[in-house]
Structures are given as structure tokens and as C-alpha cells.
Amino acid sequence: MSYTVITFAPVQGFIENSRKLRDLYGSSFILSYLAKVLCEDAQRYFEYEKGKSPQENDPVISPAVINVTQGTPNQIIIRGKYPEADAKRVFNDAWRTLVICCREEIESRVPNQNYNWKRVWNTWANYSWEFFYFCGGETITDARQKLNEIKRSRSWVGINWIGESSTLSGSDEIAWPGMTDQFNPKKDSIREVNQRIEIFYQHLSKQFTEAIISPKEQLSVPELVKRLVTLDKVVKKLELEENEYPSVEIPEKSFKDINRKNDNSEDNYWTGWFQGDGDKIGDYLKSLNQSNDPKKEEEILHNFSSAMMKWGEYFKQEFKKEIRGSKLKQSPGRIIYAGGDDFLGVLYQQKSQINPQDCLEWFYEFPEIWKQHKQEITVSVGFVWAAPNVPQREVLQHCREAEQSAKKSGRDRIALRILFNSGNHLEWTCPWWLLKDLLTHYRDRNQRKGEQNWTHLYNDIAVLESRHAFTREQTKVAEALFKAYFPEQPWEDIVGNDNYDQAFNHPENSHTGILGESKNYTDKNGELELENVRKDINNWVINLGKVGFHLFRFSDKKSEIESKI
Numbered sequence: 001m002s003y004t005v006i007t008f009a010p011v012q013g014f015i016e017n018s019r020k021l022r023d024l025y026g027s028s029f030i031l032s033y034l035a036k037v038l039c040e041d042a043q044r045y046f047e048y049e050k051g052k053s054p055q056e057n058d059p060v061i062s063p064a065v066i067n068v069t070q071g072t073p074n075q076i077i078i079r080g081k082y083p084e085a086d087a088k089r090v091f092n093d094a095w096r097t098l099v100i101c102c103r104e105e106i107e108s109r110v111p112n113q114n115y116n117w118k119r120v121w122n123t124w125a126n127y128s129w130e131f132f133y134f135c136g137g138e139t140i141t142d143a144r145q146k147l148n149e150i151k152r153s154r155s156w157v158g159i160n161w162i163g164e165s166s167t168l169s170g171s172d173e174i175a176w177p178g179m180t181d182q183f184n185p186k187k188d189s190i191r192e193v194n195q196r197i198e199i200f201y202q203h204l205s206k207q208f209t210e211a212i213i214s215p216k217e218q219l220s221v222p223e224l225v226k227r228l229v230t231l232d233k234v235v236k237k238l239e240l241e242e243n244e245y246p247s248v249e250i251p252e253k254s255f256k257d258i259n260r261k262n263d264n265s266e267d268n269y270w271t272g273w274f275q276g277d278g279d280k281i282g283d284y285l286k287s288l289n290q291s292n293d294p295k296k297e298e299e300i301l302h303n304f305s306s307a308m309m310k311w312g313e314y315f316k317q318e319f320k321k322e323i324r325g326s327k328l329k330q331s332p333g334r335i336i337y338a339g340g341d342d343f344l345g346v347l348y349q350q351k352s353q354i355n356p357q358d359c360l361e362w363f364y365e366f367p368e369i370w371k372q373h374k375q376e377i378t379v380s381v382g383f384v385w386a387a388p389n390v391p392q393r394e395v396l397q398h399c400r401e402a403e404q405s406a407k408k409s410g411r412d413r414i415a416l417r418i419l420f421n422s423g424n425h426l427e428w429t430c431p432w433w434l435l436k437d438l439l440t441h442y443r444d445r446n447q448r449k450g451e452q453n454w455t456h457l458y459n460d461i462a463v464l465e466s467r468h469a470f471t472r473e474q475t476k477v478a479e480a481l482f483k484a485y486f487p488e489q490p491w492e493d494i495v496g497n498d499n500y501d502q503a504f505n506h507p508e509n510s511h512t513g514i515l516g517e518s519k520n521y522t523d524k525n526g527e528l529e530l531e532n533v534r535k536d537i538n539n540w541v542i543n544l545g546k547v548g549f550h551l552f553r554f555s556d557k558k559s560e561i562e563s564k565i
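Under this note's numbering, the first residue of the sequence shown is numbered 1, with each subsequent residue one higher.
Check each hint, because a few of them may be wrong.
To be verified - Straight-line Cα separation of at most 25 angstroms, BS3-like style, residue types lysine-lysine; simulated pairs:
1) Lys371 <-> Lys296
2) Lys374 <-> Lys321
3) Lys320 <-> Lys20
4) Lys535 <-> Lys483
Said to hold, decoys possible - Have a look at the derived ranges for each label pair, beta carbon to beta carbon:
5) Leu530 <-> Asn292: 40 to 46 angstroms
6) Arg467 <-> Ile162: 54 to 60 angstroms
7) Asn532 <-> Thr455: 26 to 32 angstroms
8) Asp232 <-> Gly51: 21 to 27 angstroms
Hints listed in this document are in silico derivations from the structure and should not be mistaken for laboratory results. Quick reminder that beta carbons are idealized off the backbone N, C-alpha and C, glycines included.
Construct all of the structure, not just a fragment, from the sequences and the given hints.
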């Protein structure tokens, strides 16, 4: 038995570079659509008829469920030899069709523009992707490892261009009708060219609405494709079922309900964004197949893929029901994508400020939501409490960074990040098991339960920092401060003895510590670097106080503290 493993990636990184919300919907759809056409062509090649042939005869092992609206993983594993020539042909044809459909839609909506740009669109249709293919291997693991080796030797063609770059990503040429015209600096005026570009995008915005393209934007070809594939009129040309259209409210119903900034400063609201991903999926799958049986490996991977894709669908459908049953019932909320073990969402209110404490209470219960897939894997989440004036692309970038911070800090935890208008941020990470018990048992100096005035802790930390009380030589100050404000939380259970044993992960008893992996704190001889351990324990307490202050004493007016950060 041999296996075919396929994956693909954008040459210029255009899927990730453009970080506006609608672009994410478009990017997710494009990746899922391309994976879908490959899977379906493989099924045709092996004469598998969905709904008629036995399920166990399906040559596509992963993804087990193909869903272009919620996201489909773009690593495809097929039982048997699926010819590389067939795979490349169907993949390239699908992408080329997407590009052509978008170009033709623009030309039909905005006629009489003397379009001289077809060559550039064709170039993007031919040179946008790297395609990686491997066939062979006794097991799926062998085949995937070989594919990873192939991915190290990149083979792609870059697209050169002359002129101004996109206002969104800044990495590619602005698409406009005269983009391939010969420019003569002695005769042609750069100012006139810029005016023509501006007028063209005003026409585009008028025809497609500002929800799709703003008149202030000037986009590249792939960015236009990502926007336009969210339109039903474009997607209909792809011969998809209606339930496979991108799940975006278009064109009139835009993302204005989560617009975080408008002209009235009193109506500008903070919002909560979260991004998560399953932990150590590869290690988990290996642990399920200790015998290295290829047939069992197929079954394990297929069942896991099915479980995670179904969980993504469940999470997307049940999300609003979940928040309506919590204090977030006034929040529409939105899951932007949930393609299996990775997801992105937002918590907000349309006409009032959402309470960050209510967001936290929802996260207290999130581990139970995560367990619905019944797979023994943990999850790392980044939660960003974002100020209204932060650009959307920066918010999404911080979501990614917060998620990665949760993983680097030991996984199986959440990273809470406060993102200010200035671009500065505060962050604190906490294992899931500790989050609720810790934050709900804060006690102010009067030791009364339920009074969540974090100002005193915040001020105490500021004074102690100014006096350089937190040092690498000791954690006594942090310990005393913690015990004063969290008297019901045993410091020893969180940090441990003088060796700080409890602060680290212990996989044998599924314990996750506040500092994560101990190997990150050991020298070449395997000895614990205690100075670094103490420093990070002190920082953990300091950041707890600072982040807690902003989440529990939040005001929709600009914090006076922000100017001091």
C-alpha cells in the first residue's frame, strides 16, 4: 500500500498578508475550495461515489469531512497512487477559474475602462501557489515526513512589477485597468496615474459597495480575488451547492455591526477577539497507534479528522446558543472560521460596551465546549481585548501572537492580552485549570468576597516595581502580594517549594504549570536556571495584576493608565 500526500501554499503569502476580516472569510474559502476540488477529483479517479460506495472505500483519508464554508485542512492524504499530473491540473484549473471569474465580474460591473490588465491577471492565475506532492511510503507517517522534506526545497516563480503597492498589504502591485501600460516619465504624469487609480476604485466601491471595497483602498489582484469570492454572484460560477457558498453577509449586510470605531468617540467600543488551536496533534495521533499498523493509522486519522471537523461545525452552529445562555446574551458574537482544531471568533455588542468580565466567564466554561469532540487533546487560546482605534489587521495579528504565546508558555492555557490604541499591550497567560478559581477569588484588602477592585493590587505593583522589589534572587515579594489578594489560592499548589516544581508542566499527571516546560529553564548540563525561573514567576504575578486591573476595572473611556505604559 502506498499513500499520496498533497499540500499547497501561496507563493507571496497573500492569504495571510491581507488581514482584514472579510479577507479572512475569502482566504478560508479559497483554501477550502482548492482542497475540495482535489479531494473530489481523487474520488473520481478511484471511482468512489459518495453516498453509493461503502464509506471504508473512500480513498480520501483526510480531511474526512469537506466543508468549504467552515474551513477544510489543506493537507490531503489519499490511499493509493493519485497521479501528480492529475492533481496539478485540477488544482491549477480551479484557481485559474477563481481568478478569471473575479476579473470578469469587475469588467462587467465597471465597463468602459479600456482594460489593459489581462496579462497580469493571467500571471497571478499561473504563479500564485507552490504545490507539494509525494506518493509512496509504507505508512501515512512515512509519506508525510517525505512531503515535509520536499517542502524544504522551494520551487516557485516570483511576480515582478513596477508601480505603487497595495494599500492593504504593501507587498504587491495595485490592480487597475492601465497597470500594464508603458509609462514614459518624460510624457506621463505620476499624479495623473494616481488620479486614474483613485477614480477606478471609487467606481469599484460604488458598484460592489463599501462593504466589499472601500473607495480609499487600492488592492492587488489576489486581494481583489479574496474580496470577490465572498460574493454569491461569483461563487455561482464555480458550480457549488448553495449551502457551500461563503457564509458572509453580503453585500448590503457588512461587518458594520462590529465596527469598533466611528465619528462619535463616545460610541467607540472595545471588543474581544480570540484565536485557538489544538495542541500537539501529531504526538497524539502517534500515541494512538503504538503498533505502527498502517490500516489502524488510516482509521485513527480518518476518525480524528471527522471528529474535529464535526466539532468545528458544532462550535460554529452552537456558538450563539452558548453565549445566549451566559451573561453575553446581548452579544451577537461571531465565529469567523472553525475548520477543525483551529478557530477564530469575536465577542462584541452593537450599541453598548461589552463587559470583559462576561467574556472571561464564557472562557471559564470553554474547556468543556472543547471536550465535545471527545479527543484527548488540549487547546491553546489567545484572547485580545482590543481598543477601538487599533487597525483591524493589527488586532488579528495580535490574536495570532497571543495564541502562539499561549503555546510557547506551555500549551493547555489561555493568553489574555490587553491591546491599547497606542499599539502597546499587556499580556498574562494562565493554565485553564487555574483560570476561574484564581480570577473569581480575588479579594481586596478588606478580604470581602465579590469585591473586584483591582486598583489596589495594580498600585501596589507599581510602587514595588519603582522600588525594584522584584528581583531574580527571590520571589518572596511576589508570594506575599499574591497571598494578600488571593488568600484562598495556595501559593504552594501553583509554584511549589524552593525548587518551584509546581510551576512546570508534568505530563505524567496531566499537570500544567504557570511556566510551562521546565526544559526552557535548564542549562546545557540540565540544571535549572533559578534566576530565570524567579524572574518569570515575578512577572507572572506582575502581569496578573496589570491585566486583571484592565479587565475588571474597565471603562469605555480612555484609561488614564494607558499613557503610563
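ask   = Any hints this thing doesn't respect? Which numbers, in order?
value = none
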